[in-house]
Amino acid sequence: MSNEKTTITWKNHLELCKPKVVALLVFTANVGMLLAVPGMPPIALFIYATIGIGLASASAAAINHFIDQKADAEMARTQNRPLPQGDLSSANVLSFAGVLGVLAMLILVFQVNTLTAILTFISLIGYAVIYTVYLKRMTPQNIVIGGAAGAAPPLLGWCAMTGEVHPYALLLFLLIFVWTPPHFWALAIARRDEYAKVNIPMLPVTHGTEFTRLQILLYTILLFIVTLLPYITGMSGLIYVIPGALLSLGFIYFAIKMMRTKEDKTAMQTFGYSIVYLMLIFALLLIDHYFKYTIN
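If you want my numbering, it's the position in the sequence shown, counting the first as 1, plus 849.
There could be a bad hint or two in this list.
What the hints assert, rightly or not - Distance condition first, Cα-Cα at most 25 angstroms in a straight line; then the derived SDA-like pairs of lysine to any residue:
{"id": "1", "residue 1": "LYS860", "residue 2": "GLN918"}
{"id": "2", "residue 1": "LYS1046", "residue 2": "ILE994"}
{"id": "3", "residue 1": "LYS1111", "residue 2": "MET924"}
{"id": "4", "residue 1": "LYS1114", "residue 2": "VAL1090"}
{"id": "5", "residue 1": "LYS869", "residue 2": "LEU952"}
{"id": "6", "residue 1": "LYS867", "residue 2": "GLY935"}
{"id": "7", "residue 1": "LYS919", "residue 2": "PHE876"}
{"id": "8", "residue 1": "LYS867", "residue 2": "MET889"}
{"id": "9", "residue 1": "LYS869", "residue 2": "ALA920"}
{"id": "10", "residue 1": "LYS1111", "residue 2": "LEU1023"}
{"id": "11", "residue 1": "LYS1114", "residue 2": "ILE896"}
{"id": "12", "residue 1": "LYS985", "residue 2": "ASN1048"}
{"id": "13", "residue 1": "LYS985", "residue 2": "LEU1023"}
{"id": "14", "residue 1": "LYS1114", "residue 2": "HIS1056"}
{"id": "15", "residue 1": "LYS1141", "residue 2": "MET889"}
{"id": "16", "residue 1": "LYS1141", "residue 2": "THR1082"}
{"id": "17", "residue 1": "LYS869", "residue 2": "THR1055"}
These are computed hints drawn from the structure, not numbers from a lab.
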């Protein structure tokens, strides 16, 4: 019985970390680390930076669970989370988040570099406090402004390897920053009634689904342009830009499909595609980088 309870508690704490979201964030951070150097980065530095950024992301996710627990209890998508279900106490969640955050900062300060630690801390506060506490409930542009925190990992990864904020790192940041609104708004369209129920002013709630669909289309067109920038600036080559452009056109296709088909199913398909898109774009950047390194 004790082992079963321990397993359940462990699973609850793992859920607080939003492992799927954190995995994507850490993946983009790792790509940033690998793109920052011509060959392979120092393995110890790579591991410490990965752990530090991952723990900070998990800490922010746990704080988000704590702040959103009342809203989560009223939304079908989130009502089975540990806090609404009473599986964990608020004090437990805050303590857990605090431990993760402190460990992250200690690792980054002493094993990586101070600049990365500072930028990671700013990102943590940006998501867990500024976005979750204020922006999320204040403005329908919450995702646009708050997206800066979610776009930070590749910049953090680059900084972890070099100790500086390079223009190419900012370009990786821009990719995710522009990707974020159409990604989340597609989900928000499908879940608009739940957001309205808990008074969260997501764009489909405040401006309607037609306006939101148009914004998604406009952002995917902008994202297509941003996707070309790594090639235009010399950061990457044809191995990246050709399939990258096709992936961006695919995103535009789904956005147009959303304009023509008003079903929530289409919105969720777009949401799903957006995740695949981001993973493949960053994978292509990495493949292109090492191909150029190999032939040079």
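Going down the list of hints, with the structure as the test:
1. LYS860 - GLN918: Within the cut-off at roughly 18 angstroms; holds.
2. LYS1046 - ILE994: Satisfied, since the Cα-Cα distance of roughly 23 angstroms is no more than 25 angstroms.
3. LYS1111 - MET924: Satisfied, since the Cα-Cα distance of roughly 22 angstroms is no more than 25 angstroms.
4. LYS1114 - VAL1090: violated (30 angstroms)
5. LYS869 - LEU952: Status holds; Cα separation ~21 angstroms.
6. LYS867 - GLY935: Answer holds: LYS867 to GLY935 is near 18 angstroms, not above 25 angstroms.
7. LYS919 - PHE876: Violated, because 31 angstroms separates the two Cα atoms, which is more than 25 angstroms.
8. LYS867 - MET889: Answer violated: LYS867 to MET889 is near 29 angstroms, above 25 angstroms.
9. LYS869 - ALA920: holds (21 angstroms)
10. LYS1111 - LEU1023: violated (29 angstroms)
11. LYS1114 - ILE896: violated (39 angstroms)
12. LYS985 - ASN1048: Cα-Cα ~10 angstroms, so holds.
13. LYS985 - LEU1023: The given pair, whose Cα atoms are some 21 angstroms apart, holds under the 25 angstroms limit.
14. LYS1114 - HIS1056: With a Cα-Cα distance of about 20 angstroms, the restraint between LYS1114 and HIS1056 holds, given a limit of 25 angstroms.
15. LYS1141 - MET889: Holds, at about 13 angstroms.
16. LYS1141 - THR1082: OK: LYS1141 and THR1082 at ~15 angstroms, within 25 angstroms.
17. LYS869 - THR1055: This hinted pair is violated, its Cα atoms lying about 29 angstroms apart.
In the structure shown, a violation is registered for the earlier hints numbered 4, 7, 8, 10, 11 and 17, in ascending order.
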